[in-house]
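There are 2 protein chains.
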Amino acid sequence: MISKNKIKFLQSLSRKKVRDESSLFVAEGEKLITELMVAGFQFKTIVTGNEHFDKFNSIQCEKLVATDDEFKKISILTTPSKVFAVCTQRIYELNDSFLNDDLTIVLDNIQDPGNFGTIIRLASWFGVEQIVCSENTVDCFNPKVIQATMGAIAHVKICYTDLKSFLRNAREEGRVVYGTFMEGENIYKSDLAANGLIVFGNEGKGISDELENIITQKISIPPFKKNNLTVESLNVSVAASIVCAEFRRRKM
Amino acid sequence: MISKNKIKFLQSLSRKKVRDESSLFVAEGEKLITELMVAGFQFKTIVTGNEHFDKFNSIQCEKLVATDDEFKKISILTTPSKVFAVCTQRIYELNDSFLNDDLTIVLDNIQDPGNFGTIIRLASWFGVEQIVCSENTVDCFNPKVIQATMGAIAHVKICYTDLKSFLRNAREEGRVVYGTFMEGENIYKSDLAANGLIVFGNEGKGISDELENIITQKISIPPFKKNNLTVESLNVSVAASIVCAEFRRRKM
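Line order of the protein sequences matches chains A and B. Numbering that gives the first Met the number 0 puts the first residue of the first sequence at 0, with every later residue one more than the last. Numbering that gives the first Met the number 0 puts the first residue of the second sequence at 0, with every later residue one more than the last.
No lab work stands behind these hints: they were computed from the structure. Each hint should be verified, as a subset may be incorrect.
Identical copies go unnamed one by one, so any copy, or any two together, can satisfy a pair.
Straight line, CA to CA, 27 Å or less: simulated BS3-like cross-link-like pairs of lysine-lysine [what the hints assert, rightly or not]:
#1 K30 - K204
#2 K71 - K16
#3 K156 - K43
#4 K54 - K72
#5 K204 - K71
#6 K81 - K204
#7 K62 - K16
#8 K3 - K62
#9 K7 - K30
#10 K54 - K250
#11 K217 - K15
#12 K204 - K163
#13 K143 - K250
#14 K3 - K15
#15 K30 - K224
#16 K204 - K188
#17 K30 - K217
#18 K143 - K15
#19 K54 - K204
#20 K224 - K71
#21 K156 - K224
#22 K15 - K71
#23 K72 - K143
#24 K71 - K143
#25 K30 - K188
Isolated chain A (complex conformation) (with noise of 0.2 Å):
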């Protein structure tokens, strides 16, 4: 049993403005939670069900015991999972230290959580070690986000920016920019810098106005016509994977 205060609590913790005023956010899940206690992340809670989690039990931090009706009013999930934490943000600022020589992805006003967070756990994947975002691309530390990343949010570096004054400067200190667009040129006859910045834009609008002039090249990936049953758009996350794909198949 938990208190009702604490329910209320770990639901507002799905509030962006609670969440930016204590610095926390939630995780669900064992393989999610395990991945973030294996890269050193802060606990400040975590709730099991009546089973033990063994493995969670050198955490130092409050543990609580919830019913199955406690952790549906605390789940984000439609069958919640045992084990649900609250843990403290990691927040990167974006300074001389964040940007490696290497691959970023950068993101102009993604909405949507759920291809957020796959963007994340695709960027773990092909070793993508942080992502700079638009101040308007939805929070990283959304639940939806966290789930969506399945544990990939502890291996990547997120930061927000201004992004026109940010890919400026990349630009001037000779990194490549490159953006996804209809008109763009087919990815697989590009040159492809190893170490570019690539910006996916806005799930409805595309990239913004007022980053296309900054890009440094336009690629595309190319559709597969067949009697023109090809649809206008690829989602977001789709685009990201294909992308990221093809840059690391050129090193290897």
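Take the given structure of chain A and dock chain B to it, following the hints.
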């Protein structure tokens, strides 16, 4: 204004049982409904807001006008669009004419509607005209699947069948059956048959044991290891996009 009974009926189409019995499904948004119209789907009802949607004038069916509150009641979207349609399902049987001699996607127990919809959308982009699903894969007429296709449901034929006997027959007819496995051969080093069948497995469990030994060739997407910062899996729609892109790149 639309009647309470009508609202109840429109809401009921989010349940598989009701969809199965009526052979109907719902679609929301101008773009999606336009795709269905152009593809010749049969409409039963179109609900619009106060705006006129002249482009749907030519469709012969029941036309209703709903208030914002009514749209909130019938819509599955957080921000309801002002067009909502009820259409007749196109149901395909697996027979000799279903399968063409081209790349085919096979889905084994995909459960997440967003994943399924995204896979239908990328199939359309890559000119994959057919998807064969296990009986336990989520219903392709689930409203969340339909919305995630962004209209691609109009261009891709989908059928449900027993995959075990389907894949056995396909192999006997000389088709190569690919499946994604962690321990599979690097896809970039594999021979890929242009008319292959590619099996993608369940989000948590992967490809089921009973199908594994029917797979002709196990393939994998190589992670890009750096400091061991890789997560252990990719989202199934991300895997599908990278694999389909690579099959199509070879033919370009």
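Up to 27 Å between alpha-carbons, please classify K54 paired with K204: within, between, both or neither. Between copies only: 22 Å across chains, 45 Å inside a chain, cut-off 27 Å.
Between the shortest in-copy and the shortest cross-copy C-alpha distance, which are at most 27 Å for K30 and K217: within, between, both, or neither? between (38 Å within a copy, 26 Å between copies)
For K143 vs K15, is the C-alpha pair at or below 27 Å within one copy, between two copies, both, or neither? both (12 Å within a copy, 25 Å between copies)
Alpha-carbon proximity context of K156 and K224, limit 27 Å: between (38 Å within a copy, 16 Å between copies)
Alpha-carbon proximity context of K143 and K250, limit 27 Å: neither (33 Å within a copy, 38 Å between copies)
Status of K163 relative to K204 across identical chains (alpha carbons, at most 27 Å): within (17 Å within a copy, 42 Å between copies)
Measure nothing new, just compare the shortest in-copy and cross-copy C-alpha distances for K156 and K43 to 27 Å and report within, between, both or neither. For K156 and K43, only the intra-copy Cα distance (21 Å) is at most 27 Å; the inter-copy one is 50 Å.
For K3 and K62, with the copy left unspecified, which applies at a CA distance of at most 27 Å: within, between, both, or neither? within (16 Å within a copy, 48 Å between copies)
Taking 27 Å as the upper bound on the Cα-Cα distance, should K7 and K30 be classified as within, between, both, or neither? within (25 Å within a copy, 40 Å between copies)
Between copies, within a copy, both or neither: which fits K204 and K71 at Cα up to 27 Å? between (36 Å within a copy, 24 Å between copies)
What label fits K15 with K71 when the C-alpha limit is 27 Å: within, between, both, or neither? both (21 Å within a copy, 24 Å between copies)
One pair to classify: K30 and K204, alpha carbons no more than 27 Å apart. Within, between, both, or neither? This pair counts as between: shortest inter-copy Cα distance 14 Å, intra-copy 35 Å.
Going through the hint list in order, the structure does not satisfy hints 10, 11, 13, 20 and 25.
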